[in-house]
Each structure stands twice: as C-alpha cells, then as structure tokens.
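Number of protein chains: 2
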Amino acid sequence: MDAEIISVGTEIILGQITNTNARYLADQLRQLDIKSHWETTVDDHPSRIIEAIKQAEKRAHLIFICGGLGPTDDDVTMSSVASALDTELELDQDYWVKLQNDFAKRQVDLAPENIRQAYYLKGGEPLSNPVGLALGSMITQGHHTFVVLPGPPREFKAMVSNSLIPKLRQLTNGRTIMSANLHFVGYPESSLMDDINHLLEPYPEIIATSYVQPDETQVRLTVYDLAEEHAQKIINKASSVIIEKLGQYYFGTGENITLAGEVVQRLASHHYTISAAESLTGGLFQATLCSVPGASRVFEGGFVTYATQMKTQLLGIPSEFIEQYGVVSGEVAGAMAKMSAEKTGANIGIGFTGVAGPDTLDGHQVGEVWVGIQYDGQLIKRQLHLSQKMGREAIRRQSVQLGLLMLLHLLLHKTE
Amino acid sequence: MDAEIISVGTEIILGQITNTNARYLADQLRQLDIKSHWETTVDDHPSRIIEAIKQAEKRAHLIFICGGLGPTDDDVTMSSVASALDTELELDQDYWVKLQNDFAKRQVDLAPENIRQAYYLKGGEPLSNPVGLALGSMITQGHHTFVVLPGPPREFKAMVSNSLIPKLRQLTNGRTIMSANLHFVGYPESSLMDDINHLLEPYPEIIATSYVQPDETQVRLTVYDLAEEHAQKIINKASSVIIEKLGQYYFGTGENITLAGEVVQRLASHHYTISAAESLTGGLFQATLCSVPGASRVFEGGFVTYATQMKTQLLGIPSEFIEQYGVVSGEVAGAMAKMSAEKTGANIGIGFTGVAGPDTLDGHQVGEVWVGIQYDGQLIKRQLHLSQKMGREAIRRQSVQLGLLMLLHLLLHKTE
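Going down the list, the protein sequences come from chains H and W.
Reminder that position 351 of the first sequence reads as 351 in this note's numbering, one-by-one numbering, no gaps.
Reminder that position 9 of the second sequence reads as 9 in this note's numbering, one-by-one numbering, no gaps.
Honestly, I wouldn't trust all of these hints.
The list makes no distinction among identical chains, and a pair is therefore deemed to hold if it is satisfied within one copy or across any two copies.
As the list claims (entries may be wrong) - Pairs of lysine-lysine, DSS-like flavour, derived with a Cα cap of 25 Å:
no.	residue 1	residue 2
1	Lys381	Lys157
2	Lys167	Lys389
3	Lys157	Lys389
4	Lys122	Lys105
5	Lys54	Lys35
6	Lys35	Lys389
7	Lys343	Lys122
8	Lys245	Lys389
9	Lys105	Lys389
10	Lys245	Lys233
11	Lys245	Lys54
12	Lys105	Lys381
13	Lys58	Lys157
14	Lys58	Lys237
Note that these hints are calculated values from the structure, not bench results.
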C-alpha cells in the first residue's frame with residue numbers, strides 16, 4: 001500500500017514554519033513499512049487542496065491531508081476534502097456537547113465558530129484529538145483511504161500516535177520488521193555507504209539506509225518479513241562484519257545513543273575522570289561532555305586556553321616549550337592533555353590545538369588540528385586533517401567528535 | 001512570477017530528516033515577493049523527479065529542484081532535470097581541475113565519481129558552491145527558469161544566499177522591498193508577536209513575521225512598493241518604537257548577526273577582554289564566544305568548574321564561602337566571575353552556576369540559574385528563572401544566551 005502526505009498551510013508555503021509533521025508521519029509510516037514516494041504541500045486554498053488530492057489518488061492508496069482544521073475562515077481543509085471526495089460534513093453531536101460542557105466547567109469561553117472543529121467526513125469516522133479541539137477524520141472509498149489530521153504539531157503527534165497508528169496497523173495487518181541503527185563518525189557518508197553496501201552483498205535480505213546528522217552518520221539495517229529470531233541473527237552477523245571492517249569510525253548501535261554519551265558511560269564504568277584543555281574548540285569538548293546527563297560522575301572541570309599565553313599561565317606549560325614546537329603541534333596538544341589532568345587530579349586529560357579559521361595561524365593551514373590524550377601513563381598525539389571547506393564551526397565540532405572517538409577506542413581497548 | 005520548490009530525497013520521504021531547505025528557500029522567496037502555492041517532495045527516482053518537474057511547469061514559472069547532487073549512484077537529480085528539460089549535462093572543466101588541485105594540495109583523495117558534481121545543465125550556467133563540492137545550475141527555457149541546488153543544508157543556504165539571490169533579484173527586477181530583521185532573546189514568540197503587532201497598529205504598511213531559532217527569535221518588518229526613502233523612514237520609526245518597548249529582549253538588527261557576535265564586537269570596540277568560569281553550562285559560554293571569528297581579540301581563556309571542589313581548586317574560592325552560600329547562589333556565581341577575571345587578567349569575568357537537570361541539586365529546582373558578572377569595578381548577580389520543561393540542553397543554551405544579553409546591555413550602557 002503506497003501512501004502520500006499532503007500538507008496544507010500558507011505558513012509552510014511562505015517559509016514561516018518548518019514542516020515537522022510530514023517528517024514525523026513519514027517516519028511512522030516507514031516503521032509500519034508503508035511505502036511513500038511523494039509529498040505535497042499547498043497553501044490554504046480549496047481548489048489547490050482538491051487538486052492535490054486528485055493528484056495523490058493516482059499515485060497512492062493511503063492519503064493523508066494535514067493541517068487547516070482551525071476555527072477560522074482560513075481553515076478550509078475539512079470542507080475541501082469533503083468536496084474532493086464528493087461527500088459532506090457531519091457534526092459529531094456528542095463531541096460538540098462534551099466540548100461545550102468542558103469549557104463551561106472551566107469557565108472559559110468557547111467561541112461559536114469552534115463548532116467547525118466538531119465536524120468530520122460523512123461516511124467515515126471522526127478521529128479524537130487528545131490535546132486540542134479539532135477532530136480528525138478517516139474515510140475509505142473504494143481502494144483509497146483518506147485521513148485528515150490537525151496542523152499544530154502537538155495535536156498532530158497525539159492524534160497520529162493515539163488514534164491513527166492502531167488503525168494503520170489493522171490496515172497493514174502485521175508485517176514484522178527488525179532493524180539495527182549503527183553510528184559512525186569521521187568518514188564521509190558516500191564512502192561509508194559504498195563500503196557497507198559492498199559488505200552487505202552476502203545479505204540480500206538487509207536494506208541499509210543512511211542518515212547524516214551534524215555530528216555523525218547513522219546507518220539503519222532493516223529486515224522485513226522474516227521470523228524474529230532469524231532476522232535478528234542476520235542483522236547481528238551483518239553488524240559484526242561492518243563493525244570489524246569499519247570499526248575505526250564506529251561508536252555504537254542503538255536508537256538514542258550519542259558518542260559523548262558512550263564515552264561518559266565507559267569512563268564511568270572504569271571509574272575514570274577526565275579533564276580537558278581546549279584551544280580551537282574553545283570549551284566545546286567540555287560542553288559536549290556536560291550535555292550528557294550524569295556527566296558529573298566523570299568530569300569535574302577543565303580549561304579553555306585559547307590564547308598561547310594562557311597555556312602557560314593556566315596550565316604551566318613553559319613558553320619556551322611552546323616556542324620550540326609551535327602552538328599548533330602534537331607536543332603542545334600532549335602537554336595540554338597532561339597538564340589539565342595534573343592540575344585537576346583527573347585520570348585522563350585531553351588537549352585540542354589547531355586552526356579553525358577563517359585565517360591561517362603561524363603558517364598552519366585552516367583544518368590542521370592536533371589532539372593529545374594523557375591516558376594510563378601514555379601520551380598519545382594525533383593530527384586530524386580536516387577540510388578548510390567545512391568552515392570554522394564544523395572544524396571545531398568535528399575535532400570534538402574525533403577526540404571523543406579516540407577516547408572511546410582507548411577505553412574499549414582497555415576492556416578487551 | 002510564481003515559484004514552486006521541488007525537494008528530492010528518499011531520506012525526506014522516509015522521515016529520516018526534516019526538510020529545512022524548503023522552508024529556508026520559501027522564506028527567501030517571500031522576502032523577494034515571489035509568490036508560491038505548491039511544494040513537492042519526491043524520493044531519489046528519475047521518473048518521479050521528471051514527473052514533478054512536468055507538474056510544476058503547469059503551475060509555476062520559477063522551479064527549484066533541491067537535493068540529490070552527491071557523487072553516488074543514488075544522486076540522480078542533475079541528470080533527471082536534464083532529461084526533463086531535454087538538454088544534456090556539461091562538465092565545468094575549470095572547476096573540476098581546480099577541485100583536483102585543491103584536494104591534491106591537502107593530500108586528500110578525491111574519488112573519481114566526484115566528477116559527477118562538476119556537471120551543470122548545458123545551455124544554462126553553473127552555480128558555485130562556496131562550502132561543498134557539487135555545482136548547482138540555473139537555466140531559462142521559454143517562460144520557465146529552473147534552478148538546481150544541493151541538498152546538505154549548509155551548502156544549500158550558502159548557494160542560495162551567495163549565488164542565487166542576486167540572480168533572482170535581477171529576474172524580479174524592481175518591486176521595491178524594504179525590510180529590517182530584529183533579533184530577540186528570552187521572550188516567548190507568541191508574547192513577542194502580540195506586543196509587536198500591537199505596537200505596529202499605527203503602521204499598517206508594515207508586515208511583521210517571526211522566525212524562531214534555537215537561540216533567538218527574529219522578527220522581520222517588511223514594506224512593499226513604497227519609495228525607498230519613505231519605506232526606510234517608516235521602518236526606522238517602527239523599529240525604534242519596538243526597541244524602546246522591548247529593549248530588554250532585543251540584541252540587534254541585521255541579516256547575519258548573532259548575540260555572541262554582537263558581544264564580541266562591543267568588547268573589541270572597548271578593547272576589553274573577558275574570561276569565564278562555568279558550572280552548569282560546562283564550557284558552552286566560552287565555546288559560543290569562540291564560534292565568532294576573531295573572538296581571540298576579546299577572549300584568551302577561562303575555566304570549566306563543573307564540580308564544587310574545582311571552584312576552590314582552579315579558582316581559589318574558599319570552600320567555606322561555597323558552603324556558606326551554597327553552590328547554586330548569586331554569591332558563588334559572582335565569585336566565579338571575579339576569580340576568572342583575576343586568574344586570567346581579563347577586564348571582565350562571567351560566572352554561571354545552577355541546575356540544568358534532570359535532577360534537582362542541594363534542594364534547588366531544575367532551571368534555577370545564577371549569572372555573575374564582574375564588570376568595571378561592580379559585581380552584578382542575577383537569577384534566571386528557566387522552565388524545567390525546557391529540558392537540560394535548552395536550559396544550558398538559554399543560560400548562555402541570557403548571560404550574553406546581560407553583557408551586551410552592560411556594554412551598550414557604557415557607550416551611551
């Protein structure tokens with residue numbers, strides 16, 4: 001069964017709001033394995049809503065029309081859908097009485113025009129709105145099913161998850177889906193997917209999709225319609241093959257994990273604490289660690305030593321040492337790591353120095369970054385080669401992520 | 001001239017990413033007074049891209065096709081557009097040579113398939129990509145103009161603002177549009193717009209639209225079709241009325257300004273330097289300052305004192321003092337501000353302490369935050385009352401923004 005989402009809203013067309021409803025619904029449909037190829041958005045205009053529905057009927061069996069169920073004259077969706085489907089609107093009398101009573105009880109005025117929000121498509125059924133006033137509606141005509149949903153994201157999500165999804169499950173009646181979500185950092189998506197698709201050749205049952213986020217790339221492996229145990233086995237086997245080959249970029253599998261969260265958890269399980277001294281990243285490494293609830297178990301404090309003399313003044317790195325190696329060097333990154341751990345009494349220290357741009361520094365190119373880690377008696381130094389084109393912010397963010405990845409791999413190695 | 005935006009991307013259709021590009025472009029078109037009624041999204045499939053273009057041709061004269069310009073086999077947009085327009089692809093030879101040289105210089109491999117990103121529509125022109133690899137393209141055929149743009153939001157925005165908008169201005173040639181973009185922090189959008197719409201009642205020529213971003217709310221005042229001088233006068237007058245009334249939330253007017261950028265600029269113009277000591281914000285204030293190019297003029301370094309004993313160990317705040325007032329207090333925020341300035345030799349110090357959650361701390365509620373500022377011989381302490389409902393990340397970000405706003409207002413007061 002193919003689906004199509006039609007969003008209705010002048011404010012979307014004018015760029016005044018981002019259409020998050022379509023994404024939310026599309027994600028729900030994907031999880032139910034309902035395919036979709038088109039999405040359409042039109043402004044609040046009856047003829048365009050009707051035309052969009054006529055178009056969608058040719059392409060899909062399950063059609064969602066979202067937004068424009070408010071009480072004002074601009075809100076023309078329910079009546080436009082009725083007219084496209086050659087049906088009428090029906091007042092949900094019980095609901096309207098209940099609404100009036102609820103408002104009277106709360107001593108809040110209910111405007112007479114709110115009655116418009118108590119109508120649904122005749123021949124279909126109303127969909128209840130757990131957090132707002134407007135009813136939705138669902139109707140089947142021949143091979144097509146039409147669903148009308150409200151626009152405010154809170155109401156939209158509540159109606160989709162409470163009222164709609166159980167009905168969609170009945171419609172699709174029970175395909176089994178098994179999936180795993182693998183997280184990677186520091187490898188371009190196109191190369192990553194080339195490698196993964198190659199590795200997955202022996203697993204034709206698996207569909208791999210990638211999802212690029214600012215700080216990572218997620219790869220979802222999905223298997224449809226196999227017995228649960230068998231599907232799980234295939235996914236586990238394919239995951240191990242991928243992790244074995246691309247382990248240097250991999251940081252975890254799961255739905256809501258972050259690299260910083262993984263590092264905090266590993267540190268905590270070893271009862272380690274960490275400190276940092278940051279130059280180009282300017283505090284972003286520490287802020288990223290602290291974004292993890294419970295970071296205080298592993299992080300007590302650290303330094304931002306943006307200017308060269310602060311590396312001397314706050315950390316006690318001799319200025320001759322910095323002059324000898326240059327402030328953008330593995331030696332200085334290492335000294336920053338070492339001294340931040342020493343000054344705070346942490347088990348581990350990490351130091352970042354480099355050039356975020358826009359200008360070069362002391363003859364070093366934008367994107368040249370050094371990470372130093374003081375860990376378990378060792379001083380590890382690594383140069384990151386980041387592209388100048390990424391821009392200042394992405395260079396700083398990527399430096400933080402790659403520093404976290406180095407830490408995670410050290411901590412994992414420790415475990416094995 | 002009517003426009004239509006076609007977004008191409010399986011990851012949008014699958015609900016894996018939110019389509020922020022369409023909103024950004026729609027907002028730009030609105031500012032140029034280019035009307036639009038439809039938006040379409042299709043997955044990465046040639047026949048659907050072609051069908052979407054054929055549909056749009058019937059409804060619009062200016063058609064944007066966005067996304068799918070990567071180097072992989074999934075990226076079929078440019079060739080599909082060429083086929084819909086009955087033209088071919090042309091290699092931008094100079095660009096491809098330049099790309100290869102740039103990569104060679106950085107000793108990074110450029111994959112052979114990246115050559116796909118150096119093609120544009122024959123008969124049209126390439127659009128340069130200031131932050132990525134893929135060229136865009138623009139071509140006019142009869143009454144229609146087609147524009148092909150890349151999918152990654154950073155590249156998309158850069159190409160739209162740098163390469164596309166100047167060309168669109170030529171196309172639309174000559175409606176006069178005058179606008180001002182006012183930036184606010186710390187006041188809910190709905191209250192802000194209620195106040196502003198009320199203040200704008202005497203100015204019916206002005207259309208006010210708001211745009212909520214994670215760290216601020218932008219309000220655009222626009223006047224159409226008035227003589228430039230007159231339009232400017234009305235906008236200036238309305239702006240002053242708004243700023244007078246809502247000045248405590250206002251931080252600037254302009255297209256590409258940020259609160260941190262304004263603070264850095266003011267500090268620099270006074271030849272001030274600033275340091276910080278951060279507890280709940282964990283380095284985010286300093287990282288936000290350092291996100292401004294040229295921050296090194298005003299910021300040399302500072303401290304993250306997440307744990308209580310680090311406030312003693314790194315800053316030298318006596319532990320008895322912290323015990324007396326409690327770690328979540330104006331006094332401790334003030335001492336952090338004072339000591340961070342003292343330890344680094346900065347003119348100004350700022351300290352953040354409070355509860356980001358999810359758990360309460362020492363009997364203080366989530367959302368209780370104190371900011372201290374050591375400035376010009378004074379020690380200023382202010383409590384921020386943030387809503388627990390915002391969640392940990394938003395509490396930390398909002399604390400940073402409100403600290404920056406306090407600083408800006410102190411610095412502006414200094415000037416007057």
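Outcome of the hint check:
1. Lys381 - Lys157: Classified as neither; 40 Å inside a copy, 36 Å across copies.
2. Lys167 - Lys389: Result: close only across copies, 24 Å inter versus 45 Å intra.
3. Lys157 - Lys389: Intra 32 Å, inter 14 Å, cutoff 25 Å: inter-copy only.
4. Lys122 - Lys105: Result: close neither inside a copy nor across copies, 30 Å intra and 68 Å inter.
5. Lys54 - Lys35: both (19 Å within a copy, 23 Å between copies)
6. Lys35 - Lys389: neither (37 Å within a copy, 34 Å between copies)
7. Lys343 - Lys122: neither (62 Å within a copy, 62 Å between copies)
8. Lys245 - Lys389: neither (28 Å within a copy, 42 Å between copies)
9. Lys105 - Lys389: Between copies, since 13 Å is at most 25 Å while 50 Å is not.
10. Lys245 - Lys233: Classified as within: same-chain Cα gap 19 Å, cross-chain 64 Å, threshold 25 Å.
11. Lys245 - Lys54: neither (49 Å within a copy, 44 Å between copies)
12. Lys105 - Lys381: Classified as between: cross-chain Cα gap 23 Å, same-chain 52 Å, threshold 25 Å.
13. Lys58 - Lys157: neither (27 Å within a copy, 34 Å between copies)
14. Lys58 - Lys237: Close neither inside one copy (41 Å) nor across copies (50 Å); limit 25 Å.
Violation of the numbered hints given earlier is confined to hints 1, 4, 6, 7, 8, 11, 13, 14; the remaining hints are satisfied by the structure.
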